[in-house]
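The residues making up each chain are set out below.
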Amino acid sequence: MRLLNLLFPERRTTAVIARERLKIVLAHERASREAPDFLPVLQKELLDVIGRYVEIRSDMIRVNLGRSGDTSLLEINVEIDPTGVKPTKNGASGDGRATARTDQGVAAPWVKPS
Amino acid sequence: MAGKVIVLTSGKGGVGKTTSAAAFAGGLALRGHRTVVIDFDVGLRNLDLIMGCERRVVFDFINVINGDAKLNQALIKDKRNDNLFIFPTSQTRDKDALKRDGVGRVLEELKDSFDYIVCDSPAGIEHGALTAMYFADSAIIVTNPEVSSVRDSDRIIGLLASKSRRAEFNLEPVAVHLLLARYSPERVRKGEMLTIEDVKEILSIPLLGVIPESESVLRASNTGTPIVFDEESPAGRAYHDAVARFLGEQREMRFLQPERRSFFRALFGRA
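Going down the list, the protein sequences come from chains A and B.
With the numbering used here applied, the first sequence closes on residue 190, and no number is skipped along the way.
With the numbering used here applied, the second sequence closes on residue 1612, and no number is skipped along the way.
Since the hints were derived computationally from the structure, they do not count as laboratory data.
You may find that some hints are simply not true.
[Unchecked claim] Listed next, the in silico DSS-like pairs over lysine-lysine satisfying Cα-Cα at most 30 Å (straight line):
no.: 1; chain 1: B; residue 1: 1541; chain 2: A; residue 2: 99
no.: 2; chain 1: B; residue 1: 1436; chain 2: B; residue 2: 1411
no.: 3; chain 1: B; residue 1: 1440; chain 2: B; residue 2: 1541
no.: 4; chain 1: B; residue 1: 1504; chain 2: B; residue 2: 1531
no.: 5; chain 1: A; residue 1: 99; chain 2: B; residue 2: 1353
no.: 6; chain 1: B; residue 1: 1345; chain 2: B; residue 2: 1504
no.: 7; chain 1: B; residue 1: 1504; chain 2: B; residue 2: 1452
no.: 8; chain 1: B; residue 1: 1531; chain 2: A; residue 2: 99
no.: 9; chain 1: A; residue 1: 99; chain 2: B; residue 2: 1452
no.: 10; chain 1: A; residue 1: 120; chain 2: A; residue 2: 99
no.: 11; chain 1: B; residue 1: 1436; chain 2: B; residue 2: 1418
no.: 12; chain 1: B; residue 1: 1452; chain 2: B; residue 2: 1420
[As the list claims (entries may be wrong)] To list a few chain B residues with every Cβ distance to chain A over 10 Å, as calculated:
no.: 13; residue: 1453
no.: 14; residue: 1536
no.: 15; residue: 1570
no.: 16; residue: 1592
Virtual Cβ for every residue (Gly too), placed ideally from N, Cα, C.
Take these sequences, add in the hints, and give me the full structure.
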């Protein structure tokens, strides 16, 4: 058995699959367990506001609450596509209403995968 | 005397909490410690059956919490060991009858006359399970090498760190231990079961013991005998080792290799 493992390292046994699935799901669950409840809502509202000015997809924004020592750090990363910066002028759509051009289709990855 | 409160918990049901609580309490008592084992599974009591005292239950945990009975009227003395007492729960009430203040009061009273108070938690993360873990000094997380059990254990470890009395009052955190039960060396060898190392790495809490899957556990529950009283059983001996480690002794892990059975034992013997 040992020799086999040396010759064919890391066979994809069902136990190996179980271990990998558990590691992934628990990494997500631990991060979201420590995160306060308001983060998803905050991310959505930020997305709406930023979307009034530039085109943005929901996977381009990450909101994360970190901690270092005794300071809490609210970290907001907004990614903007340099080629496709199309300012959606606030209120320029004619009727004077701000329109949020956001794509809500992608699952919000507001939890940083660790 | 200031007894220590140990909770056996798991999140998932059917992993062997009650078997382990009975075995652990029995093991502590056999080593000379005055021990009481309490059933927190209100409405689904089973510890009395596993301990073999189901016909001796008169008063229960809820009666004592509500002041309808005295502690010494409800405690059942084990027939095999003078250090061991069973504190059954109510079969008719529901889990909300476990008032936290009342439970705390009863546990304080028990601490005066026992070295160890072993709490058998119900499954789930509802009121009953949260109450069982709230007062714990130590927690033993009973886990099977299987995905849903490991995930639920992780959740329970998180709750112990945030929802226990020790967390609430910023005391030293609950000492958390892993007890890996129903482990099958043969299935691990075939790559069909998570290894000890896998579970240890994923949950990252210290390993107290590994209990091999054993036919003797069902035989013990059939007769209402905690498995530690069966000297022949590998599972029973593995529980003894776990108790010894809990008390600070160094012991090698045993029963981790697939059993080699001779032809004659395979034909006539018992596991």
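Now the hints, each set against the structure:
no.	hint	in the structure
1	B/1541 / A/99	12 Å, holds
2	B/1436 / B/1411	21 Å, holds
3	B/1440 / B/1541	35 Å, violated
4	B/1504 / B/1531	39 Å, violated
5	A/99 / B/1353	18 Å, holds
6	B/1345 / B/1504	18 Å, holds
7	B/1504 / B/1452	22 Å, holds
8	B/1531 / A/99	21 Å, holds
9	A/99 / B/1452	39 Å, violated
10	A/120 / A/99	28 Å, holds
11	B/1436 / B/1418	25 Å, holds
12	B/1452 / B/1420	22 Å, holds
13	1453	37 Å, holds
14	1536	7 Å, violated
15	1570	33 Å, holds
16	1592	26 Å, holds
Checked against the numbered hints above, the structure breaks hints 3, 4, 9, 14 and satisfies the rest.
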